[in-house]
Structure formats: structure tokens, C-alpha cells
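*Asks:* Just so you know, the protein sequences line up as chains X and G, in that order. Per the working numbering, the very first residue in the first sequence carries number 6; after that it's consecutive. Per the working numbering, the very first residue in the second sequence carries number 6; after that it's consecutive.
No wet-lab data here; the hints were simulated from the structure. Accuracy of the hints is not assured; some may be wrong.
[Stated by the list, open to error] Okay, the calculated bits of chain X under chain G, using three or more residues with CB under 8 Å as the criterion:
id: 1; stretch: 7-19
id: 2; stretch: 45-53
id: 3; stretch: 78-87
id: 4; stretch: 171-177
id: 5; stretch: 181-188
id: 6; stretch: 278-284
id: 7; stretch: 294-300
[To be verified] Anything over 10 Å on all C-beta distances counts as not near chain G; from chain X, calculated:
id: 8; residue: K101
id: 9; residue: K131
id: 10; residue: P139
id: 11; residue: K207
id: 12; residue: D289
Quantities reported herein were computed from a predicted structural model and do not represent experimental measurements. Just so it is clear, CB atoms sit at the ideal spot from N, CA and C, and this is done for glycine as well.
Each chain, letter by letter, is given below.
Number of protein chains: 2
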Amino acid sequence: MSLDLLIEKIVKTQNPSVVGLDPAVDLIPGFIRKKSYAKHGETLKGAARAVWEFNKGLIDALCEIVPAVKPQSAFYEALGVEGVKTLCKTCEYAKKRGMYVILDGKRGDVGSTASWYASAYLGTVKIGENEYEPFPADALTVNAYLGSDGVKPFIEACGKYDRGVFVLVKTSNPSSGELQDKTADGRAVYEIMGDMCAEWGKNIIGKYGYSGAGAVVGATYPEQIARLRKRLPNTFFLIPGYGAQGGKAEDLAAAFGKDGLGGVVNSSRGIIAAYKNERRGERDYAGAAYRSAVHMRDDIMKRIHKITI
Amino acid sequence: MSLDLLIEKIVKTQNPSVVGLDPAVDLIPGFIRKKSYAKHGETLKGAARAVWEFNKGLIDALCEIVPAVKPQSAFYEALGVEGVKTLCKTCEYAKKRGMYVILDGKRGDVGSTASWYASAYLGTVKIGENEYEPFPADALTVNAYLGSDGVKPFIEACGKYDRGVFVLVKTSNPSSGELQDKTADGRAVYEIMGDMCAEWGKNIIGKYGYSGAGAVVGATYPEQIARLRKRLPNTFFLIPGYGAQGGKAEDLAAAFGKDGLGGVVNSSRGIIAAYKNERRGERDYAGAAYRSAVHMRDDIMKRIHKITI
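So here's chain X without its partners, still in its complex pose:
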């Protein structure tokens, strides 16, 4: 019903970071693409299978030192049905290798529809007498512009299946302030959303003090991170925007408490395409990802020191 499993994996690896599996086709090493295209043609299937090989290599390299992955659904949907198949396999494989899976789908809808998204990503679907897990994720990112009734099915699924959600509160992109920083009744819209997020999570607080309803808070807005940390003591943060988007470790330090808990920091391109910044060549893309993940871990841990529960 909470994010306890994620927190335990963070403590075990002493690494509050998550690797974004955002496999834009041009980030996949050429030798993987070439091999897949030779077998499946320059097709959506060929690209989707290349993504699968790429992801598998990354997961194998990272699973011992990084607690979580965050596949970004857009990159898989862009490869059609075959891409979605790879998304599903990636979730399964990452879990099998011991990683926590945050599916970044930013889903959200009216209540009756949201319950189907919740079943798809956080729960089960019943067909006749059988139950299936369509996409076996541990947590899902959720867009709550529609308000409480659109979020409740996700919260219920968190309680029933011991999963988590991360609600978009203050996003990392340059224009996030256009709506999110507007002030209404003395609160910024992102604070209103943060307060709703805390309210939604209040009955699914786990054993380490954090609820199953986490919040997405961008590393690119350090001031807002600090304000939200004070405001939302029981809300765990998913913090995108580190690295390629410009967020620095010192910017996000405020997300973490004295025990080193409080958030998990995402980097995507900075890790999965790290081989492009090395001279060892693309065949060692997984090694480059590993080295970059270690660097990121150390960079963040310099500010946090030790994570304890």
C-alpha cells in the first residue's frame, strides 16, 4: 500500500536514484540496431526488439547498484504494438532482476476510466475465472488535473496490491510554471496539488512514514523542492531533471531528511546514453551506463552521506 519496497531497495543499494529507460531509437547503439534490423527489417518490430536488447543490457549492468528503473511509456508507444510488448517485457525483466519499476505513463482520467488504468498498471484484470497483470509495474506516474475521483482508483489499487503512484506536482520542464506556479487562494497550484496528494495518501502510509502517493517534483526547481519537503512530510518525491535537464545534486538535497530518505532522483539519457560521452565505443554501452550511475550515486550521496531506516 506504500512505497516501502522502493525505500528498502534504496537503503540496500545506498543509492536514491532511478534510471529512466527512455530508449529513443537514436540512443540505441548502432550494433544492436543493425543486428535487429537484419533479423526483423527496418520496422517497428525491428526497433522494438533493438530496444529490448538495449534495455536488457542496461538492467543487467545496473541491477546491483541502482534500486529502480523508470520506463517512459511514450518511447515504447511510439513503436506501436511491438513497442508496448517491449515495455511489458522490460517491466517483467527489471522486476525479475530485483529492480523496482516505476512506469512513467502520466495517466489520469475520470474515475470509472481511471480504474482501468489502475488495473492495467497497478493491479489485475479479471477475464472469466482468471486474473492477469497486464503491465507488472510497482508504481505509476499519475496526472491529477481531473481531481480526486480520477485519482482514487489508483490509491485503492495501491492499498489493495501494495503499489505506489507518483502524482505530478511540480514538473521539471521550463514551462511548468505557466499553470503550476499560479496562485489561487494564497497557494500556488503546485502546492494545491501537493496538498491534495498528501490527503490522498494519508490512509496508505507505510512503515517508514511515507505514503503510497508520492509526488513528482523537478530537480530543476530547488526552491519548490524545499517548500514542498516542509509542506509534505509524509510524501516521497520522484525527482526528474537531474543531469541532461540541468538539475544538480545540490539543488535537490532539500528533498532528503536527516535519515537520507525523502526522494529518488531520475536520470535517463545521462545514464543510458553515457557511452556517447566515452571513447570506449558503443559496445561497452552497459559499462558506460554503470560508470555513469556510480558517478551519479556518489554525486548525490556526497550530500546525503547515509540512508537509514
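Got chain X; can you put chain G on it based on the hints?
*Replies:* Relative to the frame of chain X, chain G by itself:
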């Protein structure tokens, strides 16, 4: 670059309505499910194939009198990869039968990611030397909580591929007001979103005066429909909430101008599960959908009379 194609289909059919293809498993007639389960088992595939049969029957029955369908992605994603395959086939088939396809995915993300969603649903993806259309929709619903940079890739795709988007402005659900009705700088959040929507669409206005950036405005909020119609003269409305959710034809009349243009009204369960309210039995589900669609058309047209361009 606009919603012209949708408008032309509305004029041709003299019917400003769209049928929501929200095939919850228990809405599929038993005889279709039984046949599919016999062949594919009580599996996600069995359910997804049943949905496909169901949808095909509905599209065949409705394509001459209803201008558009709106498949709700959640119901397909809940059936996993096989469900997504059915979603793709449904989009293709509806287009082949002459219907306009609004994919209801409520997608939205930071700019670099949103561009992949735009490619997936409104554009093409390049693999090697080939270009593919992963999900051939005519328009996509978009959640713009992230602001302009998350929406621009969709707007660009509308311009480049002659497609449309519908931005969530004032949604039909009971708790939509929690955020959307809050007042900031003298405007409700839904008005701020509406104004942004108009701004995003100002360079993609089609020949009938409406931009490619439409707005989702719930039939359940007649006062807000009227306010938004005055405020956004070049914005076409997608109006959910008619029928099962409680919206009535008189509630949404304000969306339409003297020419009968201005919006397209969605009904899902009220049409696709109409057979449950008839005594002819489930085998005539498509006939029941047809009769219910005619009833809805007449109900709305009583207020609009004639649609002209």
C-alpha cells in the same frame, strides 16, 4: 493542421456526436465473449479479440450516421499488449469505414517526451529509411498540466500531419472543480487552460474558423460551457458527459453557434451498451447502438436544427 475533417464529417452526417468505444469487458455481449474464449481461452487475448469483434460490429452499424469514434485507451491498455493491438486495429478500421478517430489517451509530458507521443498518435516514426504510423488516429486528447513546452510537439504534429488535439480544459467528472475551478489572477484554472489552448491553436486555424487545438469541456457543467464558448470563439469542443454521466442536450446547446458548429458530443455506454436497455437481446447489440445513436443525434439536433459550413 486543424479539425476541418471532423467538421466536414459532422456536416455530412448532420450529427455532432461521437461514440466512445469504451469496451469494458462486461459490456461485451456474452455470445461474443463466449466465442472468443472458446478459441483463445479466458485470457487477455481472448478478451482483446472479443473487443475487436464488438467494435467492428459497432463501427459497421454506426459509420453511416455517426461522424466519429473515440476509443478510450485505458480499456485497451487494461488488456495488455493484445488490447493495444485491438486499439490499433480499431483505429484503422474506423478510418477505413470513413469515421474520424479521436484517441482518448489524455497524454502529456515534458517537451522531448511529448514529441514521442505526438509521433505515436498523430504523426510518423522513422525507422532507418522507413516511416510508420504506430497508431493511426486523427486526433488525440491531451493533458496540459505541464504547460506549453509539453503541448508544442502535439501542435506541431497537428500542423505537419493535418491532425487535431483536444486539450483537457473543464472535465466532466464530479471533482473536476477541485483544481479547475480555483481562481488565480481573476481567472478560473479552467479559463487559464482555455486561454492557453486558444493561444496554442492560433496558428493552426482551419477553413471553418476553428483551430486544430480543441478543448475538452464536460456536458455536466453547462455554465462553464457557455462561458468558454464566449471566451474561445475559435476553439472546437469535445463534450463528454452526455447520457450515462448525466449531461443533457439542453445543457450543452451553448457550445454551438448559429451555424450549428462548435462541438462534438460524446456518449459511450449509452450507445455501445444500449442493448442492455432493450428487450431484443444481446445479439442485436449493433442495432441497439444504431437506434440509440439516432436518438442521441435527434435529441441534440432538436436544439441545433441544421449544421452548415
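*Asks:* Against this structure, judge whether each hint is valid.
*Replies:* Taking the hints in turn, this is what the structure says about them:
{"no.": "1", "hint": "7-19", "verdict": "violated (count 0)"}
{"no.": "2", "hint": "45-53", "verdict": "holds (count 5)"}
{"no.": "3", "hint": "78-87", "verdict": "holds (count 7)"}
{"no.": "4", "hint": "171-177", "verdict": "holds (count 3)"}
{"no.": "5", "hint": "181-188", "verdict": "holds (count 7)"}
{"no.": "6", "hint": "278-284", "verdict": "violated (count 0)"}
{"no.": "7", "hint": "294-300", "verdict": "violated (count 0)"}
{"no.": "8", "hint": "K101", "verdict": "holds, 17 Å"}
{"no.": "9", "hint": "K131", "verdict": "violated, 8 Å"}
{"no.": "10", "hint": "P139", "verdict": "violated, 4 Å"}
{"no.": "11", "hint": "K207", "verdict": "holds, 16 Å"}
{"no.": "12", "hint": "D289", "verdict": "holds, 24 Å"}
In this structure, the hints that do not hold are numbers 1, 6, 7, 9, 10, in rising order.
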